[in-house]
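So the protein lines, in turn, are chains E and P.
The numbering used here numbers the first residue of the first sequence as 182 and each following residue consecutively.
The numbering used here numbers the first residue of the second sequence as 10 and each following residue consecutively.
A hint or two may mislead.
[What the hints assert, rightly or not] To be clear about the criterion: a stretch of chain P counts as covered by chain E if any three or more of its residues have a C-beta under 8 Å from a C-beta of chain E, and this derived list gives those stretches: (1) 38-48; (2) 97-106; (3) 110-123; (4) 149-155; (5) 246-255; (6) 296-307.
[Stated by the list, open to error] Under 10 Å between C-beta atoms, here's a sample of chain P residues computed to sit facing chain E: (7) Gly22; (8) Arg33; (9) Ala85; (10) Val200; (11) Gly201; (12) Asp204; (13) Phe212; (14) Gln264; (15) Gly284; (16) Val311; (17) Asp313; (18) Glu323.
These are calculated hints, taken from the structure and not from any lab test.
These numbers were taken from a predicted model, which means no experiment stands behind them.
Every residue, glycine too, gets a C-beta built ideally from N, C-alpha and C.
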Amino acid sequence: MKILVTVKEVAEAADDFEIDGTDIGEQYLEYDLNEWDDYAVEAAVQLSEAYDDVETVSVTIGPERSEETIRMALAKGVDRAIRVWDDDVAAADLDVAAKTRLLSAVVAEEEPDLVLSGVQAADDGFGATGVSLADEIGFDWAAVVNHLDTDDDLSTAHVHRELEGGIEELTDVDLPAVLTIQTGLNEPRYASLRGIRQAQSKEIAEFGLGDLGLDADAVASPIERTAMYEPETESDATYFDGSADEQAAQLADVLRTKGVVSE
Amino acid sequence: MSDVLAVADHRRGELRDVSFEIVRAGRELAADLGGDLHVAVIAGDVDGFADRLSLEGVDTVHTVDAGEEFNHDLYAGATAALFEELAPTALLMPNSVNGLDYAPAVANRLDLPLVADAVGLSYDDGLEATREMYGSKVATTVEVSEEPVAVTVRGGEWPAVEDAADVAVEPFDYEFDEATSGARVQGFEEVGAGDVDIADAEFLVSVGRGIEEEENLELIEELVEATGATLSSSRPIVDNGWLPKNRQVGQSGKQVTPDVYLAIGISGAVQHVAGMKGAETIIAINTDPNAPIFDIADYGIVGDLFDVVPALTEQFE
């Protein structure tokens, strides 16, 4: 069995930042493995540990910088990795359809039995690529999975989908499938020193559009970001100033006045 | 015609709030486009739902009488088929958990550009949508240069339409055999039952990611004990297994309406705010002055919880 897990390097904005054009200035961004993908990686590695003959492969659409994030996934136990990038991809503003085309070309190369993907990316938050990919490659799927069991013969996944309001939907999904993974599914491991060392020698295959049988049209997008701004604050909060003790004293007064704390 | 098709959301026999909000979004967009607003409702008691969706500004409600509950193959197939029949300019679907489970498939199948999780929409020579990025720290506008277009709409961003009207209801035939679906819903489970129901609490002390380590929870527990409050949390604390699921406030946890909600080290992600914005008084302690929680707070302390919380506990000991 082969499990393909999508791994995205996401940008996180510093507490204080400035916008430069239609994005946050590069100096205010820090990059890390997408939190949801961390859970997907853990799910893939756990399956590879639970069953014989499971190969786990990560796929990342990202620049050379993202190799650090990819090595993190490798250090946690992913067997090998694929990175998709070239000048045309770099120049494009990738929308869901473009990512779907790139990832479906990778699926055609790798022929996985299961694809695991984070529910969403922490930076742009589209939350759509996994299900779009499933539809494109003709796999079954389930979105927002927070519990996963598999049959011994790996023919079916028994999943819980986390609905709103503390309700979970119990669903059976035939494999091959794409599952989009919600945080809380498992407890992502830290990369061990041994894992980090081993990751250095694991393969990261690089694919450009040509290698995937695609051209620049595959990453063309009709969706263009035209502005970015800080939302106007709606806050009319009363702020408590002073030292921590002074702030705490003012807050305590409010709690007493509201009658929720009795002395 | 430049019509809009909006798809309703329901679960266990109840239309969800986003169904009435998406009607507002659709109505406004249809007005911009100069076309009609079509609303689709799929599965379950579609006739009953159609009555409830006969709302001011809706031109036609289309009912797809197939299946009892949400099934993404049914929703994706029926939505795509109805779209092809009506040929609207814009297709609106909810950015709910079920929306996440079928809307991207519909967009892919119909080869439509997809704008996900829109919080604002307008049309002037093309669709323009407002979205948020980087955990709601910034808003963006995106323009879509192709039509038709698919959009998923964030719940809670448009006021619900409630004015009933006399609207044409048209059944739409769509054959669906659930047995052939690769994903089969087996049932539902309520999670988060436990010793305490945070929904009943008058004073919630709620802790988030800012607490950093499990052992630091002790600080919060001391405050809870000193004040007689009830302890709740945002999602990451439950994901980490530091508190049980019945303590989680938010979209996928509990909706709470206490007299006072004290949010400690919680940034205020939209999914969390959805569960606690009904609190009478909201107080936030956070080191980041730009944290979205301050936008809805009545009182704020920009400061380090590791200094403020022990000082606050001391006030009541």
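Measuring from the C-beta of Glu323(P) to each C-beta in chain E, is the shortest one below 10 Å? 7 Å, holds
Using 10 Å as the Cβ threshold, decide whether Val200(P) counts as touching chain E. Check passed: Cβ of Val200(P) comes within 5 Å of chain E, closer than 10 Å.
A closest beta-carbon separation below 10 Å is what the hint needs, so does Asp313(P) meet it against chain E? Hint holds; Asp313(P) Cβ to chain E Cβ min 7 Å, cut 10 Å.
Does Gly22(P) meet its interface restraint, that is, does its C-beta lie within less than 10 Å of any C-beta in chain E? Hint on Gly22(P): violated, closest Cβ of chain E at ~13 Å, above 10 Å.
Under a C-beta cut-off of less than 8 Å, do 3 or more residues of the segment 149-155 of chain P approach chain E closely enough to confirm the stated coverage? With 7 residues closer than 8 Å to chain E, the segment 149-155 of chain P meets the three-residue bar; holds.
Tell me if the interface restraint on Arg33(P) is satisfied: Cβ within less than 10 Å of some Cβ in chain E. 19 Å, violated
Let's test the interface hint: is any C-beta of chain E closer than 10 Å to that of Gly201(P)? At about 5 Å, which falls below the 10 Å cut-off, the nearest Cβ of chain E leaves the hint on Gly201(P) intact, so it holds.
Is the listed coverage of the segment 38-48 of chain P by chain E valid when you require three or more residues with a beta carbon under 8 Å from a beta carbon of that chain? violated (count 0)
Assertion that chain E covers the segment 296-307 of chain P - criterion: three or more residues, beta-carbon distance below 8 Å: holds (count 9)
Tell me if the interface restraint on Asp204(P) is satisfied: Cβ within less than 10 Å of some Cβ in chain E. 15 Å, violated
Please verify the coverage claim for the segment 246-255 of chain P: does it have three or more residues whose C-beta sits within 8 Å of some C-beta in chain E? Contact hint for the segment 246-255 of chain P vs chain E: holds, 5 residues under 8 Å.
Are three or more residues of the segment 110-123 of chain P within 8 Å, CB to CB, of chain E? Per the Cβ count (11), the hint holds.
Checked against the numbered hints above, the structure breaks hints 1, 7, 8 and 12 and satisfies the rest.
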